[in-house]
Amino acid sequence: MDDIVLGSINLVDEGLWDATAVFNWWRKSARERGVEYIENEVVAITKNAAGTRVESVTLKSGEVIACGQVLNASGPRAARTVQMAGIEVPVEPRKRFSWIFSAETPLDRDLPLTIDPSGVHVRENGGGTYQCGGHSDIHPAVEYDDFAMDHSMWENHVWPLLATRIPQFEAIKVQSEWGGHYAMNTFDHNAILGPHMEVENFFFLNGFSGHGLQQSPAMGRGTAEIMVHGAYKTLDMTQFHFDRIPAGRKIIEKAII
Amino acid sequence: MDRDLSYENTSTMHTNSCMQQQFSGELNVRISQFAADFVKNLPRYMGNDDRVPELTIRSFGYMYLADNEGFADVLRESREVQVAAGAATQLMTPDQIKAAPSVLQCG
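If you read the protein sequences in the order shown, they are chains H and G.
Using this note's numbering, read the first sequence as starting at 1249 and increasing by one per residue.
Using this note's numbering, read the second sequence as starting at 2 and increasing by one per residue.
Treat the hints as calculated values from the structure; they're not laboratory data.
Quick caveat: nothing in here was measured; it's all calculated off a predicted structure.
Honestly, I wouldn't trust all of these hints.
[Claimed, not checked] Listed below are the simulated SDA-like cross-link pairs for lysine to any residue, each with C-alpha atoms no more than 20 Å apart in a straight line: (1) H:K1276 x G:R4; (2) H:K1295 x H:V1312; (3) G:K41 x H:K1295; (4) H:K1502 x G:V82; (5) H:K1502 x G:F39; (6) H:K1502 x G:D38; (7) H:K1502 x H:T1412; (8) H:K1308 x G:D3; (9) H:K1295 x H:K1502; (10) H:K1502 x G:L56; (11) G:K41 x H:V1312; (12) H:K1295 x H:E1280; (13) H:K1502 x G:D3; (14) H:K1498 x G:S25; (15) G:K99 x H:D1251; (16) H:K1295 x G:M2; (17) G:K99 x H:K1295; (18) G:K99 x H:P1415; (19) H:K1308 x H:S1277; (20) H:K1481 x G:F39; (21) G:K41 x H:G1334.
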């Protein structure tokens, strides 16, 4: 580790949380309050003649649903969704790989989520196991349904790097591995929120570039505020609005793993 | 509307389940501070629902490592933003990382 010149760590409100519990309680509570979840897919978006409002969405099953407001929360598929409304948004599915491994000799304390300059990151997972993530040097947009694992990455790139940083990680065994997608905002790696400028009842909740779950409480609250009240009541999210993209106004955020 | 209510292939299901305060933009720091407050007070935010579990954050932190002065400067500047917003970010030199009770091998 002679190559490292500086580290940065924060031990307050930073680390692992039970995202599944939060996600499940949001869905349960929403259902109890009358939100209807429909398993189907939008295949067409119909605007009024002036192109200023979405009037309806057409589902794969053939049904047509009239729209008061439409929110695009379709994750890595965001661009494909808005294309149906004649809108472009710079969001692409980028592949990220994850591994959970056990160590023959676990560390005697919690391992911070340690981010190597290469982008490989590894963290405590409890019970002598660790979760690691990374991506290949070249990580172009992939097909929406491509979750294939690159098995060579672990052997050739990730494991050797882990063993160099943390000698106990020479003796480790992969328990599970998977490929997933980031909804990568290729314009400036930040969230894309708010209404469209011309299609006034169309809203964005896109492009979280790997920060979606941790940003979801604030982004969900803000999106509810702007859709219901037409203005933010707590954190002002205006700088994240979609209109910055056609205006060429980038938000710089450097902490993108 | 969801094309698959099992959420099998969603980014949500492939998550790392972690949150960080170490962003370079102030609003992103504030957004994560709300995430921390929300998670630590989940029953209250869910309408004082006593069925909702009390959750904690296992705050082992994110350790960013810089291998060049350019990125080290990014970490220094970002820490200023984070501390001004109330975060507890600490910078560590290689010697401090070596001396700290850390598992990282910097020697």
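In rising order, the numbers of the hints this structure does not comply with: Those not satisfied are hints 3, 5, 6, 7, 9, 10, 11, 12, 13, 17, 19 and 21.
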